Amino acid sequence: MHELSVMAYMLERVEGHAERLGATKVIAINLVVGERSSFVDDSLLFYFEMLTPGTRAEGALLNLRRTLMRCHCPPCDTDFHPTGADFRCPRCDTVGQVTDDGTELLIESLEVVT
Amino acid sequence: MSGPTVKIVNIVESLLINNDLAAGRNQRRLAEAGVLTINVMAAPGAGKTSLIVRTLEALRDQARVGVIEGDIAGSVDTERVLAAGARDAVQINTGGNCHLEANMVDRALTELDLSQLDLLLLENVGNLVCPTHWALGEHLKLCLVGAAEGDDKPVKYPEMFAVSDVIVLNKIDLIDHVDFNREFFLESVRALNPGVPVFEVSCRTGAGIAEWAAWLLAQRAALGGAAATTEVA
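Line by line, the protein sequences are chains L and A.
According to the working numbering, the residues represented by the first sequence are 1 to 114, in order.
According to the working numbering, the residues represented by the second sequence are 1001 to 1233, in order.
Please note: incorrect hints may appear among the correct ones.
Unchecked claim - Which chain A residues stay away from chain L? Per the calculated CB distances, all over 10 Å, these: (1) A1031; (2) V1053; (3) T1110; (4) F1180; (5) G1224.
Claimed, not checked - Listed next, with one range per pair, are the computed distances between beta-carbon atoms: (6) D77/L to N1181/A: 25 to 33 Å; (7) R1028/A to L64/L: 28 to 36 Å; (8) T94/L to R1060/A: 30 to 38 Å; (9) S1115/A to G16/L: 29 to 37 Å; (10) A28/L to R1060/A: 53 to 61 Å.
These aren't lab readings, by the way, just hints derived from the structure by calculation.
Nothing here was measured: the structure is a model prediction, and the numbers come from that model.
The beta carbon of each residue, even a glycine, is placed where N, CA and C say it ideally should be.
Could you put together the complete structure from these sequences and hints?
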């Protein structure tokens, strides 16, 4: 349920940007949400719909670009997506090292009417 | 006259930047006061309050420790930590929220006399997902996990183990009764966070608590500041 707080914080920020840009309406909000955030798309959209009425973002599209968690396998020198059972390389069974991929939690851009 | 125009504006900032900014203000305030602050995160029932009580008992004559208790409701834990020797304790009821946020800690800090503290333990709401994203102003993030919860917690909740500065494995007295594979647990922790210190303790028997408390004191000394040399009366 942390999606509620996250959407409330995001919306506060988006309203601030809309004000600064002199926008009358926000038509799209483009987010990057990494797998490691454990955010559930449907929950984000649900709370977004709940919180936006009466704001400049009412009716806006919430676009979510997902990034995946990756591990690096040094012997194979490749990155792999962990299976969810362990962090071992599917090719050689070496324990991989998690990279920074999939940690993003960003407002990438806004589409606004001015 | 031109009509309305549509613009795409690049922003590229954290969704939670307002919380991050508030956390930064908390951290500066705590660092200036020389109060090493630990964000204690764990699932419900892992033993957060028990670890805090054990830590208070172990540091009773060596450091002045304050506690901020985050809970969805109630004040039972605050009474427990004060009885165990906390110099001061403040309860935050999140009113259903699944994690503490920096502005809640900001309000709680106004109720504490930071000049009287060396350490501050922030007990987060029991949850292995939500607290990872919400910086509070802590110097260190602690992930506490109980052996009875299973050795797969790092695989299931990778972000919690990846962002933590120290991991405490509690209930090691149960380890042979609950099929906890220590090697698999540690392998997963290392994949996510190589080099993170892992302490194995039992809050029930007291095993491992002295080592954990000594490490915590060393972190406090490393923070420096005026209070670092304060003798506990």
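Worksheet item: Any Cβ of chain L at or closer than 10 Å to G1224/A, or is the non-interface label fine?
Response: Non-interface label stands for G1224/A: nearest chain L Cβ at 30 Å, farther than 10 Å.
Discussion item. Can you tell me whether the CB distance of D77/L to N1181/A sits inside 25 to 33 Å?
Written reply: 29 Å Cβ-Cβ, so the 25 to 33 Å window holds.
Discussion item. According to the definition I'm using, a residue is off the interface if its beta carbon is farther than 10 Å from all beta carbons of the partner; does T1110/A meet that for chain L?
Written reply: About 22 Å separates T1110/A from the closest Cβ of chain L, which puts it past 10 Å; holds.
Worksheet item: Taking the minimum C-beta separation from V1053/A to chain L, is that value above 10 Å?
Response: 28 Å, holds
Item to complete: Take the C-beta atom of A28/L and the C-beta atom of R1060/A, compute their distance, and say whether it sits inside 53 to 61 Å.
Response: With Cβ atoms ~57 Å apart, the hint holds.
Worksheet item: Should the hint that T94/L and R1060/A are 30 to 38 Å apart at their CB atoms be regarded as holding?
Response: 46 Å, violated
Discussion item. A range of 28 to 36 Å was offered for this pair. Does it hold for the Cβ distance of R1028/A and L64/L?
Written reply: 34 Å, holds
Worksheet entry | C-beta pair S1115/A, G16/L: status relative to the range 29 to 37 Å that was hinted | 35 Å, holds
Fill in: Claimed clearance of chain L by F1180/A, with the beta carbon kept past 10 Å
Given a closest Cβ separation of 15 Å, the condition holds.
Practice prompt. Classify the label on A1031/A as holds or violated, using whether its beta-carbon is more than 10 Å from each beta-carbon of chain L.
Written response: Consistent with the label, A1031/A stays out of reach of chain L, its closest Cβ about 24 Å off (over 10 Å).
Checked against the numbered hints listed earlier, the structure breaks hint 8 alone; every other hint is satisfied.
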